[in-house]
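*Asks:* These are the residues of each chain, in order.
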Amino acid sequence: MKPPLSYPLLIAGLTLLVGLLAFLSMIVGPATAGTFELFDMMAHGRADTAWMIMREVRLPRTALAMLVGMTLGMAGAALQGFLRNPLADPGVIGVSPAASLGAVLALYTGLSAQLPLALPLMGILGALLCALLLQGLARRGGVLTLVLAGVAVSSLCAALMSLALNLSPNPYAAAEIMFWLMGSVTDRSIDHLVLAGPLMALGWLLLAASARSLDALSLGEEAAAGLGVNLSRTRTLVITGTAISVGAGTAVTGGIGFIGLVVPHLLRPLVGHTPSRLLLASALGGGALLLAADILVRVVMLGPELKLGVLTALVGAPFFLWLIFRARTELES
Amino acid sequence: MKSGRHTGRRSARRSRVAALVASFLAIFTTAADAQPPRDGARPQRIVSMNLCTDELLMRIVDPSRIASITYLSQQAVNGPLGLDAVASKLKINHGLAEEVLMQEPDLILAGRFTSATAVSLLRKLGYNIVVFDPENTLDDMRANIRKLGEAVGSAARAEEIIADFDARLARLQAQIPPGEKPVFADIGVNNFIAGENTLYTHIVNASGYRTLGQALGFDGFRNVPLEEVLSTKPALISTATPWTNPPSMSTMALRHPALRAMVESTPQVFIPERYTTCGAPSVLGAVEILVGARKAAVAKRRK
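So the protein lines, in turn, are chains D and Z.
Counting in the working numbering, the first sequence runs from -16 upward without gaps.
Counting in the working numbering, the second sequence runs from 124 upward without gaps.
If you are wondering where the hints come from, they were derived from the structure by calculation, not from laboratory data.
Among the hints, a few may not be true.
[Claimed, not checked] In the SDA-like style, the derived pairs of lysine to any residue whose C-alpha atoms are separated by at most 20 Å in a straight line are:
no., chain 1, residue 1, chain 2, residue 2
1, Z, Lys214, D, Gly180
2, Z, Lys247, D, Gly180
3, Z, Lys247, D, Asp23
4, Z, Lys418, D, Thr223
5, Z, Lys247, D, Met35
6, Z, Lys214, D, Ile173
7, Z, Lys214, D, Glu288
8, Z, Lys247, D, Gln97
9, Z, Lys247, D, Ala33
10, Z, Lys247, D, Leu100
11, Z, Lys247, D, Trp34
12, Z, Lys270, D, Val134
13, Z, Lys214, D, Ala33
14, Z, Lys214, D, Glu20
15, Z, Lys247, D, Arg41
[Stated by the list, open to error] Listed next, the stretches of chain D that the computed footprint assigns to chain Z, with coverage defined by at least 3 CB atoms under 8 Å from CB atoms of chain Z:
no., stretch
16, 140 to 147
17, 188 to 198
Note that the structure is predicted; figures quoted are calculated from it, not measured.
Beta carbons: idealized from backbone N, C-alpha and C, even for Gly.
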């Protein structure tokens, strides 16, 4: 199947889109504070505060939305390619729930009140432990074992998070956990960026290293093995890459769903169904989508700020349904 | 008798110490008053990022020194007692760092569990932040009023507010009829019921009642199964929480047919949420309602 536009053109277009949205994200403020209030401040002798807000609040927020979106898009594409399962995303194999669980434990034990960075650190730790467990299990079984083990880890993490909510000492602590789980990049600082950024980049490198094997795998496991693909090496790359990058992302933002699932589906036809090309395209698409969602969260203010994870799921789920129906009519007609 | 004499002597000694401390404080405050007011020394652009610090702040400082309060304090269900006129004129924030930064505060008041990410960002940027723990007792409330008074440089005003609160509380408590404390059942959303060591229970106890949670004997807040609620015989009941409207699934439990008999045969009160959310002088609203119910019950029995 020939894609409607050439690969370099697609990448250039998506890069431009990400750049544009990142620029918008830097200049659009929360509606309650006045969307363009900063420019007013700059014009009225309060430029110092305005620049400080740009640098310390909007820059980390924009960068994190972009990087986490890219991570989710790329990991989703890699997992769907490796597992050859259109339902795969970082949530399904348990990485994001494990990261969330680590973070919730930091909140629940009060560790994060003592040391704010304990929250993301525990999140990263949770994701890595999950990856180790999956690696151990998958060494013996195949792709199906991996998916099923991931689903089991996911459910276990969800149950443990509910337990933490259940046993939470007071309603305020429970509300804090719940809001964190909804996912957001609001008010994250440069510290979060410095902590998660390098880990996300490392994860991307691992995922990118699996690109060629993913192409071969689209012909089936046996054919890929015939082409000299080392399946266990590919699995290690995909799982470790996902755990490190998505773990680091989830650890600073909380749970953000649907990007890893939807974006690869959206872009797959545009790269001619080539898994290796989908990685980069999907990363850019994920970055653009999360940036757009985070801008929307600021513009649509209904009292308290909407949580990013709520918005992505709210927009993502109906969109995904539409994708499914369209694919069905294509298949059946 | 013996122990009574002991406490008597101890309290006499304590009052002497208090007098000494007060005279020391008086020296310091008069010394401070003698100087011309230095506005730079006291924070003049205070931001409160928590509903409970909102109320204390509005009671302690002049509105001109408040840069913003939370949007919650302007809502009818949450607004603190008697402060609606003040709250409605102030600027608001939604706990976002960006809003707070634009208001260029010289002091930020925050709660332990609210807007934690924004608070840690603001702290990193070097802002002056004072964090308040939620109040679990009326003493916690007095401590928080003092802490806030010191933070804003109006310690004397904070003491006034505490004294005023204590005087009004004592006046209300003097009206409580003698006898054992009857059980007050506040069946909250999801049958969420307050037990020992909660602010709610302290308020109810101060008003001459025990909570259902105390009668059932547990600590903290707990979801009590309907069966257990039905096994008790409260003297007073409050089923209509302010959360009944707008409706939520969690308040449906209150309309359970099994509860109907209990609800119909027990006197009811309605305590607005704003009187019990925060450890702040607004709790007097709840005390007044409960003491009134206690008096009404006694009057009815006499008839």
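*Asks:* Could you run down the list of hints and mark each one as holding or not?
*Replies:* Right, here's what the structure says about each hint:
1. Z:Lys214 to D:Gly180: violated (36 Å)
2. Z:Lys247 to D:Gly180: holds (19 Å)
3. Z:Lys247 to D:Asp23: violated (25 Å)
4. Z:Lys418 to D:Thr223: violated (69 Å)
5. Z:Lys247 to D:Met35: holds (12 Å)
6. Z:Lys214 to D:Ile173: Violated. Lysine 214 of chain Z to isoleucine 173 of chain D sits at ~28 Å, over the 20 Å cutoff.
7. Z:Lys214 to D:Glu288: Between lysine 214 of chain Z and glutamate 288 of chain D the Cα gap is close to 17 Å, so the pair holds against 20 Å.
8. Z:Lys247 to D:Gln97: It holds: about 14 Å lies between the C-alpha atoms, which stays within 20 Å.
9. Z:Lys247 to D:Ala33: holds (17 Å)
10. Z:Lys247 to D:Leu100: OK: lysine 247 of chain Z and leucine 100 of chain D at ~12 Å, within 20 Å.
11. Z:Lys247 to D:Trp34: Since the Cα atoms of lysine 247 of chain Z and tryptophan 34 of chain D sit roughly 16 Å apart, the hinted pair holds (cutoff 20 Å).
12. Z:Lys270 to D:Val134: Roughly 49 Å between the alpha carbons, so the hint for lysine 270 of chain Z and valine 134 of chain D is violated.
13. Z:Lys214 to D:Ala33: holds (19 Å)
14. Z:Lys214 to D:Glu20: This hinted pair holds, its Cα atoms lying about 15 Å apart.
15. Z:Lys247 to D:Arg41: holds (15 Å)
16. 140 to 147: This one is violated; 0 residues, fewer than the three required, reach chain Z with a Cβ under 8 Å.
17. 188 to 198: violated (count 0)
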